[in-house]
Amino acid sequence: MKQKKLWPLVVLLALLLPAPFLFNPQATFDQGSDDQLIGVIEKIDPQYTPWTDNLWEASGEIATLLFSLQAAIGTGIIGYFIGLSKGKKTGLDQLQ
Amino acid sequence: MARLQTKFAKRLSFLCLLLIIPAVNSFGMHIAEGFLPPSWSIGWWVVFLPFFILGLIAVSKKIKDEPTQRILLAVVTAFTFVLSALKLPSLTGSCSHLTGIAFGAIIFGLPTMAVAGFVVLLFQALLLAHGGITTLGANAFSMAIIGSAIAITVYKGLKMAKAPQWLSLFLAATLSDLGTYACTAGQLSLAFNSPGESFWSTFIKFGTVLGYTQLPLAIIEGIATVLIFNTFYKYSTSELGILKKI
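Chains X and A, in that order, are what the protein sequence lines are.
Residue numbers for the first sequence follow my numbering, beginning at 2 and rising by one.
Residue numbers for the second sequence follow my numbering, beginning at 777 and rising by one.
Derived from the structure by calculation, the hints contain no laboratory data.
A portion of the hints provided could be inaccurate.
[Stated by the list, open to error] Within a straight-line C-alpha distance of at most 25 Å, the following computed DSS-like cross-link-like pairs (lysine-lysine) qualify:
(1) X:LYS90 / X:LYS6
(2) X:LYS44 / A:LYS981
(3) A:LYS932 / A:LYS837
(4) X:LYS89 / A:LYS932
(5) A:LYS932 / A:LYS838
(6) A:LYS935 / X:LYS6
(7) X:LYS6 / A:LYS932
(8) X:LYS89 / A:LYS1010
(9) X:LYS6 / X:LYS87
In this text the structure is predicted, and so the values were computed from the model without any measurement.
For reference, chain X alone in the conformation it holds in the complex (with noise of 0.2 Å):
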């Protein structure tokens, strides 16, 4: 893939992920999709309870911290490997 026309690709990304805070300026965003389908769920069946709960629910902050540190690893390990990756192309091509 050449990497010089990538770019445009780039720059819709830059510009989508903070759209929404433009197009909604008084949004709070504290809703997931998770929630939002209970909410759906409990419109067309009301009489409907979870037979089971999570067994450990994190609380706000330590949640925070796993999905932090969820996000840290495993860009940790790619980042390892495009590292390894590149350092070995460089070593192969100074061989030759």
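Position chain A against the provided structure of chain X, taking the given hints into account.
Showing chain A alone in chain X's frame:
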């Protein structure tokens, strides 16, 4: 004896790697714990299980036969892991998660991603109270099976039609993300319906809630998939040579 220990140690450490990395995004679309009636919860688990078992066989075979691909396997799981963790705001004013499953599905195929997706979802359900164990079968089916299937089909189809690779990747990822959500809406519509309402009208209710929110996020996922593929493709050495073949 020593050889068996090394083999076991290698497999265990890889499994741990899988456990740490997975995080496929699929979160907004997951059905929360307890919100699928028991019969449906079990039903979807039963549907998912054969794929999972095939996946375990595929993954262990891959680790055994081509150890160099372990690296890439760890990376695609990491990608799923990271994207799953990102809760992104959408244009509709709410937020949702991405899936990140398309990247791995295109490279490794459906059975492998059944395992990767499962691990990520398990992590999310246990530690983050996102999704659930009872709904894990259904959620895994939506994301790891349907999501993967759509990604692979769209990618291969577009590739046969000689579309540019970035477009094939982009559409595969975007449609896979949307497809996962559509599947979730379908699962909920099967389990819940108001008296007198057809499946389709219920499906539209669930689908519209998810759809508008998910569309811009699915596009973001498409772009992210193209970019990560390109990043690895640039630095492809023999281990990542598989990327040149897809």
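Here's how the hints hold up against the structure:
Of the pairs offered as hints, the one joining LYS90 of chain X and LYS6 of chain X holds, with about 22 Å between alpha carbons and a cut-off of 25 Å not exceeded. In summary, the hint linking LYS44 of chain X to LYS981 of chain A is supported, as the alpha carbons are separated by about 10 Å, within the 25 Å threshold. Restraint check for LYS932 of chain A and LYS837 of chain A: satisfied, since their Cα atoms lie roughly 24 Å apart, inside the 25 Å limit. Distance hint between LYS89 of chain X and LYS932 of chain A is unfulfilled; the C-alpha atoms sit about 30 Å from each other, more than 25 Å.
A hinted pair counts as satisfied when its Cα atoms are at most 25 Å apart, and LYS932 of chain A with LYS838 of chain A qualifies at roughly 22 Å. Using a Cα cut-off of 25 Å, the hinted pair LYS935 of chain A and LYS6 of chain X holds, with the two alpha carbons roughly 18 Å apart. As the CA atoms of LYS6 of chain X and LYS932 of chain A are separated by approximately 22 Å, the hinted pair is consistent with the 25 Å bound. This hinted pair checks out: LYS89 of chain X and LYS1010 of chain A have alpha carbons roughly 12 Å apart, not beyond 25 Å.
With a CA separation close to 21 Å, the supplied pair LYS6 of chain X and LYS87 of chain X stays within the 25 Å bound.
The earlier numbered hint that this structure contradicts is number 4, and it is the only one.
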